[in-house]
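S.K.: Starting from the known structure of chain A, fit chain B onto it as the hints suggest.
There are 2 protein chains.
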Amino acid sequence: MEPFEIQILGCGSALPTTRHSASSQIVKVGNKLHMIDCGEGTQLQLRRLHVHFSHINNVFISHLHGDHCFGLIGMISSFSLLGRTSPLHIYADALLRKIMKPQFDFFCKGLSYNLIFHDIDASQHAIIYEDNNITVETLPQIHRLPCCGFLFREKPKKRHIIGEMMEFYKIPPYMRTGIKEGNDYTTPEGEIIPNSRLTRDADPSRSYAYCSDTLPCPQNNAIIKGIDLLYHEATFADDEKARAKETFHSTAREAATIAHDAEVKRLIIGHFSSRYTDESILLNEAKEIFPCCELAGEGKSFIL
Amino acid sequence: MEPFEIQILGCGSALPTTRHSASSQIVKVGNKLHMIDCGEGTQLQLRRLHVHFSHINNVFISHLHGDHCFGLIGMISSFSLLGRTSPLHIYADALLRKIMKPQFDFFCKGLSYNLIFHDIDASQHAIIYEDNNITVETLPQIHRLPCCGFLFREKPKKRHIIGEMMEFYKIPPYMRTGIKEGNDYTTPEGEIIPNSRLTRDADPSRSYAYCSDTLPCPQNNAIIKGIDLLYHEATFADDEKARAKETFHSTAREAATIAHDAEVKRLIIGHFSSRYTDESILLNEAKEIFPCCELAGEGKSFIL
Chain A
1 MEPFEIQILG CGSALPTTRH SASSQIVKVG NKLHMIDCGE GTQLQLRRLH VHFSHINNVF
61 ISHLHGDHCF GLIGMISSFS LLGRTSPLHI YADALLRKIM KPQFDFFCKG LSYNLIFHDI
121 DASQHAIIYE DNNITVETLP QIHRLPCCGF LFREKPKKRH IIGEMMEFYK IPPYMRTGIK
181 EGNDYTTPEG EIIPNSRLTR DADPSRSYAY CSDTLPCPQN NAIIKGIDLL YHEATFADDE
241 KARAKETFHS TAREAATIAH DAEVKRLIIG HFSSRYTDES ILLNEAKEIF PCCELAGEGK
301 SFIL
Chain B
1001 MEPFEIQILG CGSALPTTRH SASSQIVKVG NKLHMIDCGE GTQLQLRRLH VHFSHINNVF
1061 ISHLHGDHCF GLIGMISSFS LLGRTSPLHI YADALLRKIM KPQFDFFCKG LSYNLIFHDI
1121 DASQHAIIYE DNNITVETLP QIHRLPCCGF LFREKPKKRH IIGEMMEFYK IPPYMRTGIK
1181 EGNDYTTPEG EIIPNSRLTR DADPSRSYAY CSDTLPCPQN NAIIKGIDLL YHEATFADDE
1241 KARAKETFHS TAREAATIAH DAEVKRLIIG HFSSRYTDES ILLNEAKEIF PCCELAGEGK
1301 SFIL
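Protein chains in written order, with our numbering: chain A, 1 to 304; chain B, 1001 to 1304.
Chain A on its own, in the form it takes in the complex (with noise of 0.2 angstroms):
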């Protein structure tokens, strides 16, 4: 199969500490990279990690909080010094590219490659992006400000050939397309063969979701039942439950909840709040109640 992988560059919160980077993480789908959300010194956790600037294509910008996007310019301007040619797309809020317009006018004049802006609306949930592999979706959240999550889907597959049967047949190249997507075959003499003697099953469509910061939203679990993998953040643990609320973000208990209800694989939490120097108290209030449940950590890497 082909890679589905969630690398994480960043998973503190507001304040930057010198355990956690600021929110940023790569999805490879493929050879393709997409980025979701870009915290101050994500260019140099790219460097850190060895990631391949050059095969990002995309970045989604969750919501205007500093510790999403204040690394934007900086990791902008050095892909032009680095000599980018092939264009970087960026899906955020309209007003990113109202905010920060005279800083790209004075900041990235000449730039080596195009930046292309995509707005999105992070009330609504719709269909972001679309290559030949995946779609992303937008998951609304709730915060102090528009936020959204990202859903990543890989497209349905098509099913396996199985290579004796086409001897067997003697069934003509040309038509082995049209196999892969489910059709019979009729032999010269008439004959009907199913699809199912001819094909073994294609590989599971597999699928990621990344929601910060966000309240507990249980209106996006039909949206994302059943995926593989849900990144929730979990800024607070129970003890802060009243913050957590106050600041429109989740505890560890309430990520595991949305985990549990919407009956997701595997969950990983992160979005730490600087005031935990040890996440274990995190992760066993969410195991609590969703045992396969993971600490994000820079540099950690979460295979589909």
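None of these hints come from the bench; they were simulated from the model. Keep in mind that a hint or two might mislead.
[Said to hold, decoys possible] List time: in silico EDC-like cross-link candidates among lysine to aspartate or glutamate, alpha-carbon distance up to 16 angstroms:
no., chain 1, residue 1, chain 2, residue 2
1, B, Lys-1287, B, Asp-1238
2, A, Lys-158, A, Glu-189
3, A, Lys-170, A, Asp-201
4, A, Lys-98, B, Asp-1105
5, A, Lys-101, B, Asp-1105
6, B, Lys-1265, B, Glu-1294
7, B, Lys-1158, B, Glu-1189
8, B, Lys-1300, B, Glu-1002
9, B, Lys-1170, B, Glu-1189
10, B, Lys-1098, A, Asp-105
11, B, Lys-1101, A, Glu-189
12, B, Lys-1155, B, Glu-1002
[Stated by the list, open to error] Reference listing, derived: stretches of chain B covered by chain A, where coverage requires no fewer than 3 residues with Cβ under 8 angstroms from a Cβ of chain A:
no., region
13, 1010-1018
14, 1036-1044
15, 1167-1174
Using N, Cα and C, we set each Cβ at its ideal position, and we do this for glycine too.
M.R.: Then chain B, alone, in the frame of chain A:
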């Protein structure tokens, strides 16, 4: 003597690397901290190096290239999250304020402290800051856009009173301030005691200059003549002399020539191009001209 110390937060050049952070440093005079330049990641360097955030009063920005100012917005935001109350003064080209206004308006709404901008004219040599202890002067540089260095000079200090002489002549305490300033003392009998018998020489006034990014500017030598410490950019070695000229930077040898000709006491070189994974080539070339030279490095402190 009061502390006068320079701490390097970052001494890399345009491209951040895992070896060097973007340009920033702290000049500590007495209990005040002055920051020079603020590249991306500066706030993290402050944490890493345990700098007391709240003691930073002023930020001096040499010029508007990203590696010297992209860290401002994140640092300003974080200071507010941490509840800073004392004002922060930013000395920079007027354009900075204009370029970043929409960002400040959006991300820095309801800041917990006052952010005060002071426009500076990089093309003029002038005193732009003054307090009880120091003055800061601009040093016009030659770069691809308006750029200036900064010269920190302690003000002349008062002479040291010789306690025994105060007692011997029974000089009343209220007269001591004048004596520290150089007054003679007239005894009740009318005898004039010259100040030189009552006091020892004042401590010397220390001085530090920061010059980055720039072509060599010998026209500033008269201004920085004899200073205690010069930080000068040395982006390139001799082998890239043409590239240095083309990009309006200096080589290590050129930096050392400035130090030599201006008869400064010590030289630090920094702003290293990312192409050098070992800066000893830069140090060796500089030392051929000016032996009292050291390499800058993240976390290194230089005490005057």
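S.K.: Give a verdict on every hint.
M.R.: Here is what the structure says about each hint:
no. : hint                    : verdict
1   : B/Lys-1287 / B/Asp-1238 : holds, 13 angstroms
2   : A/Lys-158 / A/Glu-189   : violated, 27 angstroms
3   : A/Lys-170 / A/Asp-201   : violated, 21 angstroms
4   : A/Lys-98 / B/Asp-1105   : holds, 12 angstroms
5   : A/Lys-101 / B/Asp-1105  : holds, 13 angstroms
6   : B/Lys-1265 / B/Glu-1294 : holds, 12 angstroms
7   : B/Lys-1158 / B/Glu-1189 : violated, 27 angstroms
8   : B/Lys-1300 / B/Glu-1002 : violated, 19 angstroms
9   : B/Lys-1170 / B/Glu-1189 : holds, 13 angstroms
10  : B/Lys-1098 / A/Asp-105  : holds, 12 angstroms
11  : B/Lys-1101 / A/Glu-189  : violated, 77 angstroms
12  : B/Lys-1155 / B/Glu-1002 : holds, 13 angstroms
13  : 1010-1018               : holds (count 5)
14  : 1036-1044               : holds (count 4)
15  : 1167-1174               : violated (count 0)
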